[in-house]
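What follows is the residue order along each chain.
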Amino acid sequence: MTKNWIDELRTIVGPRNVITGSESLAWESDGLSLVRGMGQAIVLPLDTEETVLVMKLLAREGVPVVPRGAGTGLTGGATPVEGGVTVGTARMREIFSIDPVGRLAHVQAGVVNSDLSVAARPHGLFYAPDPSSQAACTLGGNVANNSGGPHCFMHGSTTRHVRGVKLVDAQGQVLDLLASPADPEGLDLVGLITGSEGMFGMVTEVQLNLEPLPEEVQTIIAVFPSLDAACDCVSEAIAAHIEASAIEILDKLTIAAVEDSIFAAGYPREAEALLLVEAEGGALEVQETIDLVLQLAKKHGAMEIRSAQDKAERARLWAGRKGAFGAMGRVAPDLYVADVVAPRTRLREIVALAIKIAEERNLRLGNVFHAGDGNLHPNIAYDRRDEDEVRRVLEAGQLIMEACIERGGSLTGEHGVGVEKMTHMCDLFDDDDLNTMHRVRDALDPKRRMNPTKVLPLRACREVRNGGLPFSPMGNLGAKT
Amino acid sequence: MSSAIRSLPLDYDLTLDCIHCGLCLNSCPTYRQSGRESEGPRGRIHLMRALAEGRLEADQDCVEALDSCLVCRNCETVCPAGVQFGALMESARDHLPAPGLLARGLRWFGFRLVLPHRRVLGFLAGAVRLTQLLRLPQAIAPLLGQRGIALAHLPVFPEANKRRNLPPICPSTSERTEAVGMLEGCVQRQLYGDVNRATVAVLNACGADVHTPQDHACCGALHAHNGDLDEARRLAQKTIQAFEDMGGEPDMRIVLNSAGCGAHMAEYPRLFAEDPLWLPRADAFAQRVIDFSAFVAQAERAERLKKQLAPLAPRKVAWDDPCHLCHGQGITAEPRALLDLIPGIERVEMPGAGSCCGSAGIHALLYPAESNQLLDAKLEEFTSSEADVLITANPGCQMQWHGGFSRTGKATRPQHLAEILAASLAQGPQVVSKAKPPKKG
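So the sequence lines, in the order shown, correspond to chains W and Y.
Just so we're aligned, residue 36 is where the first sequence starts under the numbering used here, counting upward by one.
Just so we're aligned, residue 134 is where the second sequence starts under the numbering used here, counting upward by one.
Worth double-checking, as some hints may not be accurate.
[Stated by the list, open to error] From the structure, some residues in chain W lie toward chain Y, with a derived Cβ separation under 8 Å:
#1 G49
#2 P50
#3 G56
#4 S68
#5 G221
Derived by calculation from the structure, the hints in this document are not laboratory data.
Ideal Cβ positions, reconstructed from N, Cα and C, are used throughout, including at glycine.
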């Protein structure tokens, strides 16, 4: 029986843009393929006006809402929830305006991250946050997750670049926070919404800062005989106040996967670890930064150092880095991309620990990470059809996360909390903290219909801690095929 | 897991290469068009995996999601995991029903009864030409909606003498250095015989004798792309046989001027993965297959050709990459390099040159509205590139662009790369076989 309100949705957005058939299965997960769910429908509105009507209708019916961008998130933030409706921004692809003087872009939430930089380039501008999925992920999704990327080492993550948003809240009311020319007066609600993982409403429009294209860019790779040496080199560079724009490390397994792929970048396969550093700015300061990196790399035993000769080679070096996650598909059918933060002085220790944890569980681990930020991505290749392997992967992920938190790090660098890390919020926050977060949420969405069962654990932390993994939605869903 | 659902025996292992990263999404024309995950590469792979696992029933909705794919293989060009999407989709479609009457009719009538047979093709081309001269398509177009518009703007099939066979051997027109085989094709020969003759002229000028098998029609690419692998195998065998029987050196290159056929023929071995008898022959054959532009752009041949090219009237040309050339065969630099050899003309780039024009085999017939929408975006790019002539290298793309130009009232007509090269040759003094630019209307 078709529900009446679903027909009403069809009237609002057109029948093609409400999906309830068997093909809905294509939406059952996002980039975290381990966690899956099925809701009642997927709706793809075209703009803010349609979103308002959709959200009002869903509010009337009391249906939970899961916002979704391109579904490239890695923590299950866009996994459908039972009985809910997924509202996607995939049709909202219009760039309204680019103001080259005010360096401001006004876009719909479904515009793809890299498309904005392409559109801004003729004006000598670009959009700085560059998640590795930037060729596919949407700017609305970036706002929801406060996404990072390699160059956020210099430029800061999404929240530094969002000037305004238009949000449709759970009741279908528009909260218009599009930028006033100067700092917002009163409360910084835009700051609150950025990184809220779809719990405060649907962001339908975004205003973003654009940066001038740098005068000079230099990219180098340094080959190290061990991961330890590469990590130490980065820790010392940070201590020396290095002003690079991106500092990345790739390990041997990752290099092999990339070099086997169409994104083969010419990374030396014999390298145990590869340091990829970019500097941008005026010619002089770029040279100073690069000189410092060269000096430190040599000191830490780099065997080979190479500098990108031209734009094309630089693009190849980065395409390889950004394709690394997908390239791991050559190693196994699934990949668990952990996203943790370690204090940058303890990189070596945490990376070594992650390797040990994976080895003990007979797992294949590839490391590729934003070393400059201390944002680690231990990537574990696995096959979700192997239940025991899934269990070991989740266990390893949890141990790595706990180790980071113990040492003063954090449980997420840029991927968000989503479903994956919800119960681990209790490792970082106590009941008071979480209650405060719930109160903020209740102020915007009193019925808790927006992206429910994610980010904030509903049980008291005491219970979660006593219960351990069995409460984790990851633990339950992992085994389901 | 329901046991009532029959799991499909499609190539399951290929689905496991996808790690669900989503980097393919924005490269997919149908995903960009509809925003539907089920109409993007990742979603389609996910559905195919679920079909193979028996988690999903192949009902109408699911079949449509898979059938609406252009198989342009743009996703393969951006996939870091190296998913063989084209192969996977062919394998899936082979086990799925055609989604509608028209598709079913085309598979049965067009693919089985027409394409493989030269005489039927020839007869039908003549018949269609007659209706076109009587302007029948224009008369019935209003009854057929979007499809009618496409029909009314098809290029007119040329008169019979332009649809005749190439001679078995066309000798080199400069110092003879080698011999090559060439496939005339099915649609290509009937609709774009001039393209074949231009191809021969260019190859001859490079020093190659051109051999063509005389009783061969279709390579089976359309069959493979549209879920008829049995017939595709049969036609592949006939093709391999025809070129083996043609004589000449056993490793003589086989030059293809149609990107779709070339990409498919280079992948013949895949069709015979489980056939020990045919696999070695298919392997040997695939080694011989080479695209026209890749063949001619090779340094010595290009050098020789260059000396014979004479200036054309100044004009701007835009190269539009056929999907099965740039994504299917990874060839993008060679055709551009060849265009740059022609004196007098200026080559301009369209930013979306590597994105599908919407022709995509029979997609334009099955999904005319979506197909026209893809083409409209390309037409806009062509206009803003300020090019005078569009150059491509696949009969489907040429038909699609022809229809677009005609529909929007533009005087220009698309040309094959070989045609503009041959036109430049024809300006020079030493050319024997003359290729006229195509006359269409």
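Does P50 (chain W) hold up as a contact with chain Y if the rule is Cβ-Cβ below 8 Å?
It is violated, given that the least Cβ distance between P50 (chain W) and chain Y is near 12 Å, above 8 Å.
Let me know if the C-beta of G221 (chain W) comes in closer than 8 Å to any C-beta of chain Y, holds or violated.
The hint is violated - G221 (chain W) has no Cβ within 8 Å of chain Y, the shortest such distance being about 35 Å.
Quick check on S68 (chain W) please, does its C-beta sit within 8 Å of some C-beta on chain Y?
holds (4 Å)
Hint check: 8 Å Cβ-Cβ cutoff, G56 (chain W) to chain Y
holds (3 Å)
Against chain Y, with CB atoms and a cut of 8 Å, does the hint on G49 (chain W) hold up?
violated (11 Å)
Comparing the model with each earlier hint shows violations of hints 1, 2, 5; every other hint is respected.
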